[in-house]
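Participant: Chains as they are written, first to last, in this note's numbering: chain A, 1 to 293; chain B, 1001 to 1293.
The set of hints was computed from the structure by calculation and includes no laboratory data.
Owing to the predicted nature of the structure, the values given are computational and were not obtained by experimental measurement.
No residue lacks a Cβ here, since even glycine has one placed at the ideal position from N, Cα and C.
Among these hints, one or two may not hold up.
What the hints assert, rightly or not - Partial chain B-side listing against chain A, Cβ under 10 Å, derived:
#: 1; residue: Gly1116
#: 2; residue: Ser1194
#: 3; residue: Gln1206
As the list claims (entries may be wrong) - Restraint-style ranges between C-beta atoms, simulated for each label pair:
#: 4; chain 1: A; residue 1: Arg76; chain 2: B; residue 2: Arg1280; range: 49 to 55 Å
#: 5; chain 1: B; residue 1: Glu1148; chain 2: A; residue 2: Trp275; range: 44 to 50 Å
#: 6; chain 1: B; residue 1: Gly1175; chain 2: A; residue 2: Ala210; range: 55 to 61 Å
#: 7; chain 1: A; residue 1: Asn237; chain 2: B; residue 2: Asp1058; range: 55 to 61 Å
#: 8; chain 1: B; residue 1: Ala1157; chain 2: A; residue 2: Glu139; range: 52 to 58 Å
2 protein chains.
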Amino acid sequence: MTPLWQREPVGVVGLGLIGGSLGLDLQAAGARVRALVHRPATAERARERGLASEVSTDPAVLQGCGLVVLALPLDRLLDPDPALVAALPPAAVITDVGSVKAPVLRRWRSLLAEAGRGLDPARFVASHPMAGTARAGVEAGESGLFRERPWVVTPEAGTDAGALAAVRELAEALGARWLCCDADIHDRAVALISHLPVLVGAALLQAADAGAGEASDLVRALASSGFADTTRVGGGNPDLGMLMARSNRPALLAALGHYRACLDALEAMVDRAEWEALQRSLALSQRLRPEFL
Amino acid sequence: MTPLWQREPVGVVGLGLIGGSLGLDLQAAGARVRALVHRPATAERARERGLASEVSTDPAVLQGCGLVVLALPLDRLLDPDPALVAALPPAAVITDVGSVKAPVLRRWRSLLAEAGRGLDPARFVASHPMAGTARAGVEAGESGLFRERPWVVTPEAGTDAGALAAVRELAEALGARWLCCDADIHDRAVALISHLPVLVGAALLQAADAGAGEASDLVRALASSGFADTTRVGGGNPDLGMLMARSNRPALLAALGHYRACLDALEAMVDRAEWEALQRSLALSQRLRPEFL
Chain A
1 MTPLWQREPV GVVGLGLIGG SLGLDLQAAG ARVRALVHRP ATAERARERG
51 LASEVSTDPA VLQGCGLVVL ALPLDRLLDP DPALVAALPP AAVITDVGSV
101 KAPVLRRWRS LLAEAGRGLD PARFVASHPM AGTARAGVEA GESGLFRERP
151 WVVTPEAGTD AGALAAVREL AEALGARWLC CDADIHDRAV ALISHLPVLV
201 GAALLQAADA GAGEASDLVR ALASSGFADT TRVGGGNPDL GMLMARSNRP
251 ALLAALGHYR ACLDALEAMV DRAEWEALQR SLALSQRLRP EFL
Chain B
1001 MTPLWQREPV GVVGLGLIGG SLGLDLQAAG ARVRALVHRP ATAERARERG
1051 LASEVSTDPA VLQGCGLVVL ALPLDRLLDP DPALVAALPP AAVITDVGSV
1101 KAPVLRRWRS LLAEAGRGLD PARFVASHPM AGTARAGVEA GESGLFRERP
1151 WVVTPEAGTD AGALAAVREL AEALGARWLC CDADIHDRAV ALISHLPVLV
1201 GAALLQAADA GAGEASDLVR ALASSGFADT TRVGGGNPDL GMLMARSNRP
1251 ALLAALGHYR ACLDALEAMV DRAEWEALQR SLALSQRLRP EFL
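Using the sequences and the accompanying hints, generate a full structural model.
Facilitator: See the structure below:
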């Protein structure tokens, strides 16, 4: 059967990096894309860039869409505009792109159940397409962003099989790698590999500044590619970093606990001059790294 | 006056990444390079690669050199072969390339003073050319490695001005940026920007492994370029990481103390759900990062 994204228009809410990239790729694949944005200036620029077939600041633009992708930042996803919820087509499959899944699932399950009008929590599919660049906003969308990247979904027991299939067809049309898992396991994983590195790198920047003392100019002159790499995500967008921490607080605190234990052990080896143990521990890290690449 | 490296042969002890790259660039600049290596197989391969004009496993190869560069790993630099010390030409300017400076200075000051034979601690210039790649060994040397990279020297009150000038002429012939500072300040700076990132990244790899639990496969599938960057130096050569920690232990422990304080503060904000404070702290890290690049 023809995929839903080919049969009916696809609604995209938000045209930042993820929404804009979706719009470009979906249109290239032959979809009609109807986009809802917040500000008139964004709508105008999105039209100039051709990010969607139709762009509007009026939620009514979503009428007739068979599939709606909520490509909103986490804070707006967790506290959505009531006018957006009111404009969602009752029969539509709805998915999101939030980087934390359990709180999004909880919020939208109850939002859709309370909304009535035939909106069905079973047709909400929680997604996390893991594609990113350093860019954000209406200029950030680019073709091919999702190719070969993971597209994680966290269905529940009650999730409608047809809705899940419709999102899978969308993800695969974009060339993404489909991955299914439990929302809590997803959130634990991203805490460790995505949110913890932000705090680890942010603390390193502050420590290099605070600890330099008389060496203040020198640390800045000598910092090389190793320091730059280790602090890249830690020196990134503070609003995004804060939102991820706020939305994934319990999993992030658990990840910090594990991190502290590992760092404590390394520090103790340096403190006690246990050089063979330190060499073995660093060799473990060296062996682990290729498993994550 | 013609620089020393042009007037007299330059001795290079060790033909790994730094020594091999020195040999290639110095010969290209017109110098005669005499290299001392440990193993016959290394000597043979170094000759094939043209890393020096003359390569030998016999310390006598250094006779007649006006300037000798000790391009040895830290452990061999701090505990050198007595035959090497015995073969150093009495009038030569001697420099090293170790990534930690105070212990090297202490060790070589006494070694040269005890050696007699006219060897003079005042003609030892402690250097740290900050150029690196992931490669090591006789295959690693490459042209242009030092171009635009910092070449830090840590002279003392008694350091001979002519010896310092001779090393400066060498560094500048290779296109390096010359930087002079106190050895303790150098060691504090590299602890923060070079050695601390190794432990920070190594702990992150171990935490991602230890904290994953049921998410073990998922963390490996989802780790992206952000995780890869944050852990690049932490997943590097464990022997090198251990040697740096061992040679720079007090400065590294101080750096770890600063790091812990910064991470504790960030963790407390997450724990207490102080989201505005977390956003401000991450914004500080974002502002700091460009100062280090």
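Participant: Indicate, hint by hint, whether the structure satisfies it.
Facilitator: Results of checking the hints against the structure:
Residue-level restraint check for B/Gly1116 is violated (minimum Cβ-Cβ distance to chain A is 33 Å; threshold 10 Å). Interface restraint check for B/Ser1194: the shortest CB-CB distance to chain A comes to about 6 Å, inside 10 Å, so the restraint holds. Look at B/Gln1206: its Cβ gets to within about 4 Å of chain A, closer than 10 Å, so that hint holds up. In this structure, A/Arg76 and B/Arg1280 break the distance hint of 49 to 55 Å, their C-beta atoms being roughly 21 Å apart.
Look at B/Glu1148 against A/Trp275: about 34 Å separates their beta carbons, and that is not inside 44 to 50 Å. One distance hint, 55 to 61 Å for the beta-carbon pair B/Gly1175 and A/Ala210, is violated here, with the actual separation near 33 Å. As the Cβ distance of A/Asn237 to B/Asp1058 is approximately 59 Å, the hint placing it in 55 to 61 Å holds. One distance hint, 52 to 58 Å for the beta-carbon pair B/Ala1157 and A/Glu139, holds here, with the actual separation near 57 Å.
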